[in-house]
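Given the sequences, and given the hints that come with them, work out the whole structure.
If you read the sequence shown in the working numbering, its first letter stands for residue 1, the second for the next number, and so on.
Hints listed in this document are in silico derivations from the structure and should not be mistaken for laboratory results. The structure displayed is predicted, hence computed values, not measured ones. Check the hints yourself; a few may be wrong.
Stated by the list, open to error - With a straight-line cut-off of 20 Å between C-alpha atoms, the simulated DMTMM-like cross-links for lysine to aspartate or glutamate are:
(1) Lys182 / Glu228
(2) Lys167 / Glu235
(3) Lys152 / Asp183
(4) Lys87 / Asp18
(5) Lys167 / Glu228
(6) Lys87 / Asp183
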Amino acid sequence: MLCLLGGFVWFVQAFGLDYQFALSKLPLLAGLELSPEGFIQGIPLTLLLCLLSTVLAVAIGMLSALGRLSSNPLLYGLATFYNSFFKGTPLLVQILLIYLGLPQLGVVPTAIPSGVAALALCYGAYLSEVFRSAILSIHRGQWDAGKALGLKPHAIMRHIILPQAMKVAVPPTFSMFISMLKDSSLVSVMGLWELMFLAQSYGRSAYRYMEMLLTAAILYWLLSIVLELFQHRLEQKLSVSARR
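This is the structure we're talking about:
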């Protein structure tokens, strides 16, 4: 590990980077200053996009998972088509379809709703499979127990199956949030002042791309490490709860 780190440092030194320039832009990338419009920028905007997208993706993913498990052919078909399309096309294409394509239909979304919608729809498809697998992992005896108590199918799903399935689904859902954090860099194509857009802009203005892109990469890396540590703690707590 130390050898790899040393090799990376040697590789970076070979570019003759201007560290002072990178340090001068670090507060802007970290979001310690507001944008000219007085709105958050940099890391806070990146995290806001991810948080809003995750909440919406969880709701979409759950509905899609229930549709895929439904015996209704219409619901099953819609959920299957949605999953196939958003898992089978690049996220960047989906962002551009929403941001640049919808205006041709008379709908002109702003950048933040477009970014949130694209991330939520894309990751909702992946979370759908996570939730579906979690629900199917619950032993069939739980359904039989609910029926023995006289509960209807929707009540069994709501009060017995879903609470147990969510414990199984939480860790992979958090992993999706970490992946979304990195993929949110793609919304920079819409001009949102998030982390990647700022890194590209400041790098372009002074022709210091390597300094800015490396700074952005390190910031994404640190954020991912923090979230991975939080995920590990969460998994430990869920494991203890399951044993009890």
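Hint check:
1. Lys182 / Glu228: It holds: about 13 Å lies between the C-alpha atoms, which stays within 20 Å.
2. Lys167 / Glu235: Within the cut-off at roughly 9 Å; holds.
3. Lys152 / Asp183: Judged against 20 Å, a Cα distance of about 41 Å means the pair is violated.
4. Lys87 / Asp18: Distance of about 41 Å is beyond 20 Å: violated.
5. Lys167 / Glu228: holds (17 Å)
6. Lys87 / Asp183: holds (14 Å)
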